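Work from the hints to combine the two standalone chains into their complex.
From first to last, the protein sequence lines stand for chains E and Z. Okay, so the first sequence: first residue is 1 according to the working numbering, each after it adds one. Okay, so the second sequence: first residue is 526 according to the working numbering, each after it adds one.
Source of the hints: derived by calculation from the structure; they are not laboratory data. Quantities reported herein were computed from a predicted structural model and do not represent experimental measurements. Treat the hints loosely; a few may be bogus.
Stated by the list, open to error - Pulled from the structure, derived: some chain Z residues nowhere near chain E, Cβ distances all over 10 Å:
1. S527
2. R543
3. R560
4. R581
5. E584
6. L587
7. T596
8. A615
9. H630
10. H647
11. T651
12. V669
13. G710
14. R711
Said to hold, decoys possible - Over 12 Å on every C-beta distance to chain Z, these chain E residues come out as not near it, computed from the model:
15. R79
16. G373
17. R413
18. S453
19. R496
As the list claims (entries may be wrong) - One side of the interface only, derived from the structure: several residues of chain Z facing chain E at Cβ under 8 Å:
20. S542
21. G565
22. K614
23. T696
Heads up, the beta-carbon is just placed ideally off N, CA and C, and yes, glycines get one too.
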Amino acid sequence: MSTRPVIQLDGDASSPPDVLGHKGHGIDMMRRNGLPVPPAFCITTEVGVRYRAEPEATINAIWDDVLAGMRTLEATTSRTFGRGPHPLLVSVRSGAAVSMPGMMDTLLDLGFSDDVEKALAAEGSVEFARDSRRRFTETYQRIVTRPAPDDPYQQLRAAIESVFTSWDSPRAVAYRAHHGLDDGDGTAVVVQAMVFGNINANSGAGVVFSRNPMTGANDEFGEWLPGGQGDDVVSGTVDVEPIAALRSQQPGVYDQLISAARSLERLSSDVQEVEFTIQDATLWLLQTRAAKRSAQAAVRLALQLLDEGLIDEAETLRRIAPTHVEALLQPSLQPETRMAAQLLATGLPAGPGVASGRAYTEVDAAIDAADRGEDVILVRNHTSPDDIRGMLVARGIVTETGGATSHAAVVSRELGRAAVVGCGGGVAESLAGKVVTVDGNQGEVREGSLQLSAWSEDNTPELRELADIARRVSPLRAHARGDYPRLDRHTEAEVRSAMASGHSDVVSASPLLAMLAAIRLSGVS
Amino acid sequence: MSELGVLQAVRLKGRVSRGDLAATLGEDRFDVIDRLVSSGLLLDGPTLRLSPEGRRRLEGLLADERSHVDTAAVLAAYGEFRSVNAEFKALVTDWQLKDGQPNTHEDAGYDAAVLARLDDVHRRVTPTIAAVATQLPRLSRYSVKLQTALDNIHAGQTMWLARPLIDSYHTVWFELHEELILATGRTRETDDA
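With the rest of the complex left out, here is chain Z (with noise of 0.2 Å):
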């Protein structure tokens, strides 16, 4: 479960520090990390990364955790996602565009009412995946690290809001629907990007 946990990890940052990966899994994994090193499915250097044989051994890991699943439960729990997914999207983009140009943030009501929305997109998006933990208990951490977003965007570090390379809502809200593409079997490909 662990090696799962931290091999998905990496692959879903492309390319991570030790110290960002330890943040984003909540846990020193360093025996995992340094296990998976000496094994060759990671790639070790400023940043880890996959191997071609970590990709395989993830996927394998992978279709071994949704063979366990209750399908027709991620797919309901999915569309729940998507439903939620569309307006959240949309209040990023008019986080950063208002009338079209660059959000200057000089109009104080304007950024108020957008994040206002984050707290109902908030509301809908946490039971959904309480529903989808019970059928992969992995993903449940993507509540905790949503909720810790939106706690340093309600102290006022708006840059938790959209910025990528740390834990932003949009980084792991992005990450979160990758994995439940995958958990329903799909790609990206044959949903919307």
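Here chain E stands alone, though its shape is the one from the complex (with noise of 0.2 Å):
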């Protein structure tokens, strides 16, 4: 062991994120920024290594720290964990050295006994205790895969052993193939205590994007649900609301929030995703990370960085993979059009493809609309082969009920229609006769026929100045026209070529493409 299993979260860790995982060095960052997060710890990702070989040794050898991590706690919260009157609940959540989003278990409100339940009753309410008991046993059970046992400390124990365990979880293994990241490592456990976003009418939870992260607006972006629990916005089984809505309910909290995310971004030089709870008008920051983000916020965002000084050129064009630009580059649904349309049903993406029309639920006025050359988009509350005639005519389908098998998505992806299904029951009936556009990518039907647009190297002014760009920092200064050698296509191999035949400037039909190439080739940074 080259550190000790059990660090402190308190903005003193001084370790890197491949020991404290990528959540436990964000939150000990947002401490010793004084930003307000509730305190925790983390058992280091060699820990989670050591754990993979020898489970029941490990977890022996490091209880005693894992205990004194939680005295820690105690006294900075004044609470103790297991018993009253106040009580202490924790959350104990995964954190590997890469963040892995929704891929390994998270267990909160973790410290519950009957006794426990009742000082938390006596505390906030009888609704808040019972509400937070039945989130934990749903949870436990779930995750654990036994009922939850009454001794918390059997409970933190499970719990930090399930988390471990979910390191080799089949999706966390697929994530980790898909992606290219090393399944050597494991992860790291932190253990943090609860703040409660369901604990009263000020509370709540929610989601907070530091720059809208799907059209790189310099906006912040977000979502927000009143009551909930941290696991209700990430579910996406609940209805939440902007994060406008925070802004006319709590508007002092609102204006703190925002300015905690700017912080962060300017500590992280990148665009922030935060986790956030609000308990009865207090702010608390859960965790932070480099939002994700679609292609044109990626390009638009990295030049907004660059131009306020908080990256260089070439970091810049490093934020930049070449498939993002080839994504721009093709027709789509430009996600400022997206946002714009209202959004009149969600459902399941069943076959890919955006389409546009007038909505018919009957598959007779449906061909006779086609008949006379109208674009027509059915709706149904499921089809049947009797609907084969409907669908053939349609650019697009929509279904109330059914799932990824269903006739509707089968028969879709058979003709190569676009469509969504599953988006409930009255549907048909709210969206007949409107021109609607079914988005088959995102699962989505919004009102309006939406133009499907690309980008492209010589009109678009972002692609452009990132082409500035590139050409002061690529080895390989690649250019639309001009009297130079010509290059055929931007791809590695012919790229590698020409800067091995000490070309220093070339012709290619996509100059932006070649140099991230060259760049990506060449190491620079």
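This is the structure we're talking about:
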């Protein structure tokens, strides 16, 4: 062991993310910068690696350190784990060196017994105590796959072991394989004092992005769930409100939140996605990470950060993957177009593609409309074989019921039609007669006939600006025209061979892509 | 009986050409079709479809057919069908999508593994159809049509797995599902989609 197995995340942890885990490192960084974060400690990734080889011996060896960590949480919060009158509950979360959102397990509200529930009822309310305990017992049963024991320390131990084990869950293994991450590591575990978004009307949970991760606009963006806990927001099973709702409900807390998100963005030099909880009008930040973003946003945000002096030109280009640029050059529904159109229905994306037309709910009417030359969207409760003719004339298909294997989903994919299925009862009636756009990639139906468009290296200002930067940074300058040798394609092999031949300038149909390849090849930093 | 067979086939297909109708019935019943057209039960054109009177006539014939069956036996067969239905739908989806993306059919091993599951599904559904055909002999035709689709798939014509408008395995399967839902007196709204 090169470090202590259990490290307090009090702003003084002074260990890198590959020891503390990504989440633990973020918490420590926020504490160091004076942001409001509930006290926490982490069990390091080194323990996570050892646990995979020798579970029993490893957990025994570190248990006294875990107990010491709990004593510190108790002292900091002035609460006691497992008993009243002011009981401490904790969350137990995974935290690998590289963030793997949603891939591993999280347990909230841990530390319940009958006495603890009574004490919490006296402190908050009977409903709050009961709701929290229900959340705990359901999640524990699901993740640990047995009923929760009455002893909070047994709960804690089993939860920590489950999180360590979840590193090898099939979905986590598949995620690492897909993203080319190392399987041989392990996860850290973060144990953090709970704060409660479900305690009263001035409470809730949400996630805020320091800038819009879809359009790349320089506006805060996010979701807010009054009276909820963090897992409700992530689960997608509850209807959340836009973050603007928090601004009208608790303007002071909102300003504090946005200011925290902006300062995290400056500290990390990247756009952040911050999970937060508000407990009785007090703001708490739970974790922060670089925001997942669309290709459009990747380009716009990198250019904004460059303008504001947060990153340099080389870093700007590193933030943009060639796949981002390639995606932007294909026709697609641009995020700003999509976000500006009213959302009429959401369901499962069942057939990829985007299609617009007038919604018809009867096959005969759909066929007649198509015969008149109209673009048709077929909306049905569900489809069956006698709907085929209607599906054939339709450009997009929407159903109220059914999942990814339903008739509508299977046949839409077979016909190459954009499809969204399982949108819920009443959708056929509410869409009938409207001109709508079916987004079979996002699983949405939006109002109006939305046009697809593509960016181009010649005409899109953002890509021209990037190309100008690339010509200053890249060892190979690529131009759209000029008296230089011609690069037929922008593949790595062609770019490498041009550089090996000593060319410093070439003409290319995709200058930006050629230079991004050259920068990657030469490892410019 | 042949009138019921023709009307039900037209209902299941929605709109169908005379040629496709003959193919799904396994015989040319132009005599019956012409009679149904002249009596106004079928609407003629490039494709045939049911008139409102035809739909009412079909519902009467189906109700009459249902009144002679042992409902418990049909329900038992339907239960067995549902147990294999989920697996069939999952394998069709796995055929179309690989890792959430459209299957490019470049991975022969993957495709072969999915199609092997179809053989198992076929083994399981065949006795179920035989059982329900003791009550509704008309439905034994579905076994023949599934076998034809399976033979075509085995011969390398994989469009016979899920392609609409032809009697692919998925098309026949789904029509059989509709028949079983009808025969048990249910509707799809009360069932799964």
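Requested in this report: Could you tell me which of the numbered hints above are not met by this structure, giving the numbers in increasing order?
Outcome: 8, 17, 20 and 21
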